[in-house]
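With chain A's structure known, arrange chain B on it following the hints.
From first to last, the protein sequence lines are chains A and B. Its first residue numbered 5, the first sequence is counted upward by one per residue in the working numbering. Its first residue numbered 15, the second sequence is counted upward by one per residue in the working numbering.
Treat the hints with care, since some could be wrong.
In silico lysine-lysine, DSS-like type, Cα no more than 30 Å apart, as pairs [claimed, not checked]:
#: 1; chain 1: B; residue 1: K94; chain 2: A; residue 2: K47
#: 2; chain 1: A; residue 1: K53; chain 2: B; residue 2: K94
#: 3; chain 1: B; residue 1: K362; chain 2: A; residue 2: K372
#: 4; chain 1: A; residue 1: K37; chain 2: A; residue 2: K8
#: 5; chain 1: A; residue 1: K401; chain 2: B; residue 2: K371
#: 6; chain 1: A; residue 1: K53; chain 2: B; residue 2: K77
#: 7; chain 1: A; residue 1: K81; chain 2: A; residue 2: K422
#: 8; chain 1: A; residue 1: K336; chain 2: B; residue 2: K297
#: 9; chain 1: B; residue 1: K459; chain 2: A; residue 2: K372
#: 10; chain 1: A; residue 1: K323; chain 2: B; residue 2: K362
#: 11; chain 1: B; residue 1: K215; chain 2: B; residue 2: K362
#: 12; chain 1: A; residue 1: K99; chain 2: A; residue 2: K123
#: 13; chain 1: B; residue 1: K470; chain 2: A; residue 2: K336
Because the hints were derived from the structure by calculation, they are not lab data.
What follows is each chain in one-letter form.
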Amino acid sequence: MDLKDKLVSSFIAFENMVDVESAVHDVRSEAIKTFEDEGFPSKRDEDWKYTSLNSVLKHDYSVFPKQENAIEYSDVKKYFIHDIDTYKIVFIDGKYSSHLSQTTHDSMDVCLMSSALAKPKYRLIIENYFNKAADKNSLSSLNTAFSQEGAYIHIPKNKVVEKPIQIIHFSTGNESALMLQPRNLIVVDENSHVQIIERHQSLTQNPVLTNSVTEVFTNKRAIVDYYKIQNDRQSASLIDNTFIKQKRESHASVHTFSFGGQLTRNNLNFYQNGERIDSTLKGVTIIGDKQHVDHNTLVHHIEPNCESHQDYKGIFGDKSTGVFNGKVIVDKIAQKTNAFQANNNILLSDKASINTKPQLEIFADDVKCSHGCTIGQLDDSAMFYMRSRGIPEKEAKALLMFAFSNNVLDSVKIPEIKRRITKLIANKLGVSIGFDL
Amino acid sequence: MSNKYTEDDLREELKTKEYEYGFYTDIESETFPVGLNEDIVRAISKKKEEPEWMTEWRLEAFKVWKEMTEPEWANVHYEKPNFQGISYYSAPNSKPKYDSLDEVDPELLATFEKLGISLDEQKKLAGVAMDVVVDSVSVATTFKKTLAEKGIIFMSISEAIKEHPELVRKHIGTVVPQKDNFYAALNSAVFSDGSFCYIPKGVRCPMELSTYFRINQAGTGQFERTLVIADEGSYVSYLEGCTAPSRDENQLHAAVVELIALDDAEIKYSTVQNWYPGNAEGKGGVYNFVTKRGLCETSAKISWTQVETGSAVTWKYPSCILKGDNSVGEFYSIAVTNNYQQADTGTKMIHLGKNTKSTIISKGISAGKSQNSYRGLVQISSRADNARNFSQCDSLLMGNECGAHTFPYIEAKNKSAQIEHEATTSKIGEDQIFYCNQRGIDTEKAIALIVNGFSKEVLNKLPMEFAVEAQKLLEISLEGSVG
Numbered sequence: 005m006d007l008k009d010k011l012v013s014s015f016i017a018f019e020n021m022v023d024v025e026s027a028v029h030d031v032r033s034e035a036i037k038t039f040e041d042e043g044f045p046s047k048r049d050e051d052w053k054y055t056s057l058n059s060v061l062k063h064d065y066s067v068f069p070k071q072e073n074a075i076e077y078s079d080v081k082k083y084f085i086h087d088i089d090t091y092k093i094v095f096i097d098g099k100y101s102s103h104l105s106q107t108t109h110d111s112m113d114v115c116l117m118s119s120a121l122a123k124p125k126y127r128l129i130i131e132n133y134f135n136k137a138a139d140k141n142s143l144s145s146l147n148t149a150f151s152q153e154g155a156y157i158h159i160p161k162n163k164v165v166e167k168p169i170q171i172i173h174f175s176t177g178n179e180s181a182l183m184l185q186p187r188n189l190i191v192v193d194e195n196s197h198v199q200i201i202e203r204h205q206s207l208t209q210n211p212v213l214t215n216s217v218t219e220v221f222t223n224k225r226a227i228v229d230y231y232k233i234q235n236d237r238q239s240a241s242l243i244d245n246t247f248i249k250q251k252r253e254s255h256a257s258v259h260t261f262s263f264g265g266q267l268t269r270n271n272l273n274f275y276q277n278g279e280r281i282d283s284t285l286k287g288v289t290i291i292g293d294k295q296h297v298d299h300n301t302l303v304h305h306i307e308p309n310c311e312s313h314q315d316y317k318g319i320f321g322d323k324s325t326g327v328f329n330g331k332v333i334v335d336k337i338a339q340k341t342n343a344f345q346a347n348n349n350i351l352l353s354d355k356a357s358i359n360t361k362p363q364l365e366i367f368a369d370d371v372k373c374s375h376g377c378t379i380g381q382l383d384d385s386a387m388f389y390m391r392s393r394g395i396p397e398k399e400a401k402a403l404l405m406f407a408f409s410n411n412v413l414d415s416v417k418i419p420e421i422k423r424r425i426t427k428l429i430a431n432k433l434g435v436s437i438g439f440d441l
Numbered sequence: 015m016s017n018k019y020t021e022d023d024l025r026e027e028l029k030t031k032e033y034e035y036g037f038y039t040d041i042e043s044e045t046f047p048v049g050l051n052e053d054i055v056r057a058i059s060k061k062k063e064e065p066e067w068m069t070e071w072r073l074e075a076f077k078v079w080k081e082m083t084e085p086e087w088a089n090v091h092y093e094k095p096n097f098q099g100i101s102y103y104s105a106p107n108s109k110p111k112y113d114s115l116d117e118v119d120p121e122l123l124a125t126f127e128k129l130g131i132s133l134d135e136q137k138k139l140a141g142v143a144m145d146v147v148v149d150s151v152s153v154a155t156t157f158k159k160t161l162a163e164k165g166i167i168f169m170s171i172s173e174a175i176k177e178h179p180e181l182v183r184k185h186i187g188t189v190v191p192q193k194d195n196f197y198a199a200l201n202s203a204v205f206s207d208g209s210f211c212y213i214p215k216g217v218r219c220p221m222e223l224s225t226y227f228r229i230n231q232a233g234t235g236q237f238e239r240t241l242v243i244a245d246e247g248s249y250v251s252y253l254e255g256c257t258a259p260s261r262d263e264n265q266l267h268a269a270v271v272e273l274i275a276l277d278d279a280e281i282k283y284s285t286v287q288n289w290y291p292g293n294a295e296g297k298g299g300v301y302n303f304v305t306k307r308g309l310c311e312t313s314a315k316i317s318w319t320q321v322e323t324g325s326a327v328t329w330k331y332p333s334c335i336l337k338g339d340n341s342v343g344e345f346y347s348i349a350v351t352n353n354y355q356q357a358d359t360g361t362k363m364i365h366l367g368k369n370t371k372s373t374i375i376s377k378g379i380s381a382g383k384s385q386n387s388y389r390g391l392v393q394i395s396s397r398a399d400n401a402r403n404f405s406q407c408d409s410l411l412m413g414n415e416c417g418a419h420t421f422p423y424i425e426a427k428n429k430s431a432q433i434e435h436e437a438t439t440s441k442i443g444e445d446q447i448f449y450c451n452q453r454g455i456d457t458e459k460a461i462a463l464i465v466n467g468f469s470k471e472v473l474n475k476l477p478m479e480f481a482v483e484a485q486k487l488l489e490i491s492l493e494g495s496v497g
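This is chain A alone, in the form it adopts within the complex (with noise of 0.2 Å):
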């Protein structure tokens, strides 16, 4: 049996241990037609021309993970940012662990998806944001339809969270293939302002598969900075499909920092409906061996007067891939929109390959849109300035493979993430130098 026909089998086991009487369920039913219609998408389709999924379908996962499983928070401690306090939402093979978690229910609600599904003083904001900011394509509509647990985070009027938040999945390998399917929703009201850190781990060399979807709403001059850091190991894959609907004058920022894993994928949408919105979107690949990362980001300028900001590098090497793909669409109305795009690309290897296809579809007139990107090498004459300097090739390597991905760094404005993704940047590239110079 294949892995379609065994979700849409297993559907009918996971009603039994969901409330189907509730109005989330008849958006459960729904999605999981559209996913049985239209199958796991292949590279027939336009979006994914240059990624294939048939290296990760074919493992035989199991849906649900039989027990519970504990790990110790001394173990995985270096998964976390455990230098700064943090609100922490840990879940184990998909079930919420409350013992490495901390969350919250004071003035704002920092906690679980299942729950908030089952609570009835949730279920007006359920009811209003559950499902309305992802799209229908096949592979949320399977998250969808298994939508029951992952992090649920409401920020009320006026209120700056104090410390970030983070959203940490494990994987132990008790079972020996595991599909993952957290669902989050992140609710942020008027003029309030919370950062968010997402991670997800496995621990052994067992394939795991991470279809997640990730709403966020932004209300007016709401402040949201996301990270997204993605250094897993080779064995595991993540689909991860993000969609962050704005409205006016609010901020939103996602950076995606992808290490790791077999094959990612970064599905990323804003939509602005609003005026005087600001959309960034960064990024840093740096891969090696037989790795694939592919972000496909759109954003949608519906309103006037908004601005969006992408900017993505990536660094391949061995036999990796990447792909990027970015559109940016301008209705008619959304006049003087400002939106940039750049895409750079370093290719160290001459079995590495990258597609790049940076799409502008602009209807309005009154705009500035403008998308640049680049495919190179080091340079040469930089490199000789170094090593006449006595610096070894591979440390001067690593310093201009760190100088062209800073500029994305720049923008993070949590110290302890800048110093642990530069740490990472440097594992990454072999070198034990600090690049604080």
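Only chain B this time, still in chain A's reference frame:
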């Protein structure tokens, strides 16, 4: 055409005309019954007195075509042509060959006069030889003698099939195979005529070769086939310009152009396309589905320059296959759409050889309710060390009912590749118009000035005669687009 065309002439012209070249020459034509089947393909081939291998080649293409479906990925929407409702052959019903101009149907000559390309004038305008194609049969060729002295073969492709079968047979379909795509297959099966050009080793063609294509017979699609072969170390500049009479019925045009540049050769191919774009309500107009591709051997160079102002729907991607080491591909394009026109155009640069270079400059201008898309592919294969590409796609929007789109595909499989791609979208600034107004230049003229400046990089690449015509076309195409 007079080169002393001034802004005042333009204004005068704008007042009076809807579509300048919208007239219809009534020449008795011999037209085949509508529809397409194996018999029609055979009949076309027989009509053209083709050898057996050519007939077989056409039939092979027809077989493939039957299995194919029309491509739908392009960003254009139109009513699909009924391929069984088209007559696939029409030839002016006069004597098949002419020795001098006197023998040519006077009505035809008048047509050329109206087009501004009267043969007399062309003959005097040294440097340009015309292979005039009205509908499908070549009716007059000038300067053949001068060319013959150099060993240059420049004739219609049906003549070439008869006179130089070895050259045609060796090269036809090598760059655009019969089964390449739907329209190329259709063209391969039913092409009526077109031009053939061969430049021998080491010869620099002394003049710009040029052909004019016209669609002249109601209900007949034109299926030209052009084959240009530049042998080692040779050079040729080839001009293609098109105008068509105004019709209400949609007309299909599916041409195939193959360029072959052998070692160290250079081909410069320039196009001005000004077919009937349909009226201001989007009714009528020509469907232009063209496959153009060039193959570069070692150190060869192919340069495409196009000015696309006409056609209701354009689907066209002149491409370069940079097969040989050190070969160079260039693409310079201006695409103007107005009213309900739709254009999906761009290029493909396939880098296979080492040290290959390509440049893409594309300028899209959309006005009215039109949609203008750039779609391009830059592909660097793993063997193509030190490949270099620079692409620039700029769009200019006039009014808020039109759209500009860019779909660049960039695929690199070699670490030494250097690729840059830039795209911008903008409108004509109010400050720019104000600046011009302030200096006594009215808005309409100011727009023409700015559009010309915007397109300059591409206009500069056109041969002189074309540049003048192209500039004029740009202005006419954007007529009335200023609010």
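Check each numbered hint from earlier against the structure, then list the numbers of those it violates in ascending order.
Per hint list: zero violations.
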